[in-house]
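**Q** Line by line, the protein sequences give chains A and B.
First residue of the first sequence: 1, per the working numbering; consecutive thereafter.
First residue of the second sequence: 1001, per the working numbering; consecutive thereafter.
Check each hint, because a few of them may be wrong.
Footprint (simulated), chain B over chain A, 3 or more residues, beta carbon under 8 Å [to be verified]: (1) 103-113; (2) 173-179; (3) 203-211; (4) 246-260.
Each computed SDA-like pair below joins lysine to any residue, with the alpha-carbon atoms no more than 25 Å apart [as the list claims (entries may be wrong)]: (5) K1197(B) x R1161(B); (6) K1197(B) x R166(A); (7) K1197(B) x R1226(B); (8) K197(A) x R211(A); (9) K197(A) x E1255(B); (10) K197(A) x K1197(B); (11) K1197(B) x A179(A); (12) K1197(B) x A162(A); (13) K1197(B) x R1064(B); (14) K197(A) x Y1372(B); (15) K197(A) x R166(A); (16) K197(A) x R1226(B); (17) K1197(B) x R60(A); (18) K197(A) x G1067(B); (19) K1197(B) x R211(A); (20) K197(A) x A179(A); (21) K197(A) x G257(A); (22) K1197(B) x Y1372(B); (23) K197(A) x E182(A).
Hint data in this document are derived by calculation from the structure and do not stem from the laboratory.
Glycine residues also receive a C-beta, built at the ideal position from the N, C-alpha and C atoms.
Number of protein chains: 2
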Amino acid sequence: MLEQLDRLMQQRGLAWIIALGAPAESADVYYLLQGARVGHALVLKRQGEPPLAIVHPMEREEARRAGLRWATPAEYGAAAIQALGLPAHQTAARLMLAVLERHQVRGPVSFAGHGPVAATFARLRAVLAERPELEHVLEEPPSVLQRARMVKSEEEVARIRAVGRRTEEVVRLVVRMLASCERRDGVLVRPGGEPLKVGHVKEYIAVELIRRGLDDHGQTIVAPGREGGFPHSRGVESEPVPADTPIVLDIFPQERGGGYYFDMTRTLWFGEPGERARACLAAVEHAFAAGLGAIRPGVLAAEPDEAASAVLERHGHPTRRQQPDTVTGYMHSLGHGVGLELHEHPMLSARPGNTDRLEPGAVFTVEPGLYYPEEGFGIRVEDTLWLRPDGELENLTTLPHEPEALLAEVR
Amino acid sequence: MLEQLDRLMQQRGLAWIIALGAPAESADVYYLLQGARVGHALVLKRQGEPPLAIVHPMEREEARRAGLRWATPAEYGAAAIQALGLPAHQTAARLMLAVLERHQVRGPVSFAGHGPVAATFARLRAVLAERPELEHVLEEPPSVLQRARMVKSEEEVARIRAVGRRTEEVVRLVVRMLASCERRDGVLVRPGGEPLKVGHVKEYIAVELIRRGLDDHGQTIVAPGREGGFPHSRGVESEPVPADTPIVLDIFPQERGGGYYFDMTRTLWFGEPGERARACLAAVEHAFAAGLGAIRPGVLAAEPDEAASAVLERHGHPTRRQQPDTVTGYMHSLGHGVGLELHEHPMLSARPGNTDRLEPGAVFTVEPGLYYPEEGFGIRVEDTLWLRPDGELENLTTLPHEPEALLAEVR
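Just chain A, same shape as in the assembly:
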């Protein structure tokens, strides 16, 4: 994985990357540290050399176990710097300067990682003011790290595939559980007799994910009816689960403790959702197929979004390319890369300025949707796919899209 990064650093003319943050919150840091379970780290990556992580001494065992090149702040005189009793921002900047000095970090250098806005801004500003020879390069996204992460190795794909397999197991279980409910007064009722709540479904999913080493971070979307008409509404825990109404189930767990994601959505119903919802699902299916049909190695990632938009427009739905501010119809883009971040490059979006391309090795979602909250529903279908090194497109998702087919499959 890191050879790829070295090649991209060379192309971009970067001598060093300086990354800050915790692997659990920064995909760049996770990638550079290859998943070492340390907390916050300062990572120095020189072109052609393995990364060096400066970690807290409390975490030296995790660093050692992961086989990192590592050091602790003590080796850079941290105690003497702290003993000066300077304001915290200055202490942090001095420590960072001591590290950069020791390793003779010279530009061009790019920054990466994730952190607190004010402290990070203060630290970088102070460090760059003190050491102009760092020649800070502001990389437009995708940065070289984001580009390196865009092309997945076989090992990364194997991990994503394994997350997908376990995610689909959980989707089977939850659909079966929902199907085992009775329908009474328009809502699903558990075999015991109690109405099923959205919160029950989410808890059920979360527990089954944990048992498979996955974590949904409490973010799974279970959005029935009108809720499903807002793409990011997560559903209301205390509400009952309706029958005869489309339910958007969007599940995107990550390897527990940090790592790779998988992302899939199914729209379910248990009963008869009506002609309009069925017609919208059919249109979404056409858009899905059109999106897939536009995927070729090297194609602009905007093209599949254009293709899906054209189909949905033909079906009479508003799209963002016709009405950029639309909040109904097809109001988002077709998909996004999936890896150490849930949303990463390539962005399958016709948004102006998007120059991402679908390169072999990319893993991404295709997820057209239609949103009509005033009509009381939303529809979305989402799979995670892999554009293989041989140029073939492989769907890492195996469950059928259509609610009835999915029900038949899990029974």
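Assemble chain B onto chain A, guided by the hints.
**A** Same frame as chain A, but now just chain B:
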């Protein structure tokens, strides 16, 4: 809660706070948005006015439901700005400038939140260069937001207390489960006959937390023997759980989906850990009592750490105040604030430059520990406490510290 912030902003002379990030990853943003379940937001907080959140249109329903003052980028000409096809950093900066212009944001202004290092740095630098009248104030920590969050309302304490109650339920369950194991060849063996692994214990804890609406983010520490000698080692999933050896169980779950934390640690053993480990636990208990004894309203938060250090030194253990770089003995500070962040102000640390004070309303941990990985163990005891508005110290943790007492309690 927000009146407190207004008062602190006034004292500090801040006209505005501009916060960036997602409530799920920024406690400042969560606090300003009072827990609204939106994704990324740009939050404008003017002194004396409720915050305004700029959210993605996909999340408008969550914003509405939470009762926020909110808007979407569309209202600031986002589509026209995007249509320019500028580089991403410039697009983001232009949009932020449009928002600041519309709301006539003038300085002094402080930034808050959490985000990607490079993009955030670029955006703030561009915005400040364009609008010097923002008069950026670099706040030394604790910032006014961190100070506002330091003093908990009754409602916040009630939530932390509820997390604590549920956390202790899970600790009871897991101790009972461990106690139900047989001891065979120096390891714990499940009633079924299989050796218990660290990973089993972690999964058990995670599932029971989920069932109580809590999330440990895969970070719970189950660190037996030598692992426990490194304060942040999380334990190795595939390793068996030893008998007769101290096991550090450090559990710090958060309300699921984002919210308040609770933090507690117990050192357990099932059998006889030996004289040295027992003596270390006794010293840690003395240090705990000394730390508590030094807590009074308004005291420097360094003082309890000094008091605990003095006790441990008398017991013959290395401490950071005698050897700042020590990696054995008492190698961390006494505690930290607990709230929307696991580690927040006040910091109970004798580190130079720490000016935090323990004010009424603060919730924090007291967690002395001793670490001797070469001797094959670590010991830590941690409770979460509340310094009440009436000046009394209330321990929000109820389970006993000593392993035998804890076992007796849960049986």
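**Q** All the hints need checking, so say for each whether the structure fits it.
**A** Results for each hint:
1. 103-113: With 4 residues closer than 8 Å to chain B, the stretch 103-113 of chain A meets the three-residue bar; holds.
2. 173-179: violated (count 0)
3. 203-211: holds (count 5)
4. 246-260: holds (count 3)
5. K1197(B) x R1161(B): violated (31 Å)
6. K1197(B) x R166(A): Given pair K1197(B), R166(A) holds - Cα atoms ~21 Å apart, limit 25 Å.
7. K1197(B) x R1226(B): Distance ~16 Å between K1197(B) and R1226(B) Cα, so the pair holds.
8. K197(A) x R211(A): Answer holds: K197(A) to R211(A) is near 22 Å, not above 25 Å.
9. K197(A) x E1255(B): Distance ~19 Å between K197(A) and E1255(B) Cα, so the pair holds.
10. K197(A) x K1197(B): violated (35 Å)
11. K1197(B) x A179(A): Not satisfied, since the Cα-Cα distance of roughly 35 Å exceeds 25 Å.
12. K1197(B) x A162(A): Judged against 25 Å, a Cα distance of about 22 Å means the pair holds.
13. K1197(B) x R1064(B): Judged against 25 Å, a Cα distance of about 46 Å means the pair is violated.
14. K197(A) x Y1372(B): violated (49 Å)
15. K197(A) x R166(A): Holds, at roughly 24 Å.
16. K197(A) x R1226(B): violated (45 Å)
17. K1197(B) x R60(A): Answer holds: K1197(B) to R60(A) is near 23 Å, not above 25 Å.
18. K197(A) x G1067(B): With a Cα-Cα distance of about 23 Å, the restraint between K197(A) and G1067(B) holds, given a limit of 25 Å.
19. K1197(B) x R211(A): Status holds; Cα separation ~14 Å.
20. K197(A) x A179(A): This hinted pair holds, its Cα atoms lying about 14 Å apart.
21. K197(A) x G257(A): Given pair K197(A), G257(A) is violated - Cα atoms ~28 Å apart, limit 25 Å.
22. K1197(B) x Y1372(B): Cα-Cα ~23 Å, so holds.
23. K197(A) x E182(A): holds (13 Å)
Checked against the numbered hints given earlier, the structure breaks hints 2, 5, 10, 11, 13, 14, 16, 21 and satisfies all the rest.
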